[in-house]
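**Q** Residue numbers (our numbering), protein chains in the order written: chain D, 1 to 80; chain Y, 1 to 226.
You may find that some hints are simply not true.
To list a few chain D residues with every Cβ distance to chain Y over 10 Å, as calculated [as the list claims (entries may be wrong)]:
1. Val14
2. Ala21
3. Leu26
4. Glu35
5. Lys64
6. Ala75
7. Gly80
30 Å max Cα-Cα, derived DSSO-like pairs, lysine-lysine [said to hold, decoys possible]:
8. D:Lys11 / Y:Lys155
9. Y:Lys155 / D:Lys20
10. Y:Lys74 / D:Lys64
11. D:Lys64 / D:Lys3
12. Y:Lys113 / D:Lys64
13. D:Lys51 / D:Lys64
14. Y:Lys155 / D:Lys64
15. D:Lys20 / Y:Lys78
With the C-beta cut set under 7 Å, the calculated list includes, among others, these residues of chain D facing chain Y [to be verified]:
16. Gln18
17. Gly19
18. Asn68
19. Val70
20. Ile71
Hints were generated in silico from the structure; no laboratory data involved.
These numbers were taken from a predicted model, which means no experiment stands behind them.
Just so you know, even glycine gets a beta-carbon here, dropped at the ideal spot from N, CA and C.
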Amino acid sequence: MTKARVTVTLKNGVLDPQGKAIEGGLYSLGFEGVESVRQGKVFDVELSGSKKEAEAQLADMCEKLLANTVIEDYAVEIVG
Amino acid sequence: MKSSVILFPGSNRDRDMISALTKISGTAPNLVWHTDTDIPDSDLIVVPGGFSYGDYLRSGAIAARSPVMDEIRKAADKGIRVMGVCNGFQILTEAQLLPGALMRNAGLRFVCKTVKLEVTNAETQFTGQYEKGQIIPCPVAHHDGNFFAEADDLKRIEDNGQVAFRYADGTNPNGSINDIAGIINEAGNVLGMMPHPENLIEPDHGGQQGRGIFESALEIVASEAA
């Protein structure tokens, strides 16, 4: 079995109102020096195939569903 | 003219859409379940609003990968008119039948109010019964209506006259880029819009200015109300 972690983040230049709100929340809690917060998503995926098969499959999954490539970037990391 | 309404689990504006199409065209639309792989012969296919799949992952993302979407894509390629309202617009962008994406409202809140809509392009297959620049009221109800397209795509959308509607007079409720409220595809037979024209077709709705979109799409002679 292969375990993977897929991280989906908004592309640079795409406004992230939720990240901004979280940034404001941190500021309200008194955290200083927070210059920017961007929110994203994490998917932990377990696959039955080999690492190599999993990598190809995961890239396809990201392109077809997990990320909206109009506004999001994705990164795949094999973790086990 | 025959119409079809696509039903997804979690749609909740489908009944309003069915009612509007029935009243305006005089014929009840076909109802097509999201797993169907056959859409009855239609002149207009409507993807209604609501919260398909609970907006899980992204609004419209999972519905956009339903079996019925392949049929909608084939119909659109043949020139059949397709219209997505609210969640339907989100589904059509996720399915890449329309450019851009609909993101969380800039103010982060769900907005449910009446906005002003400018008919930016009155020469589309969906807006022929309006005047260019005409401003109509229209209800909106959404959390993810913040239209975004990358600079190149946005330029193409604007240059091609693909912006059908813009929020007017400072009523943009969601921060959408260039105040875009509704767009058509390059071929001109697919429309997506966040506002709900199906909720503006009877006097009791507070106005009937939404009728023109359906009458244009269904090529029905304008009623006295349009």
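**Q** Looking back at the numbered hints, which does the structure fail to meet, lowest number first?
**A** Those not satisfied are hints 1, 2, 5, 12, 15 and 17.
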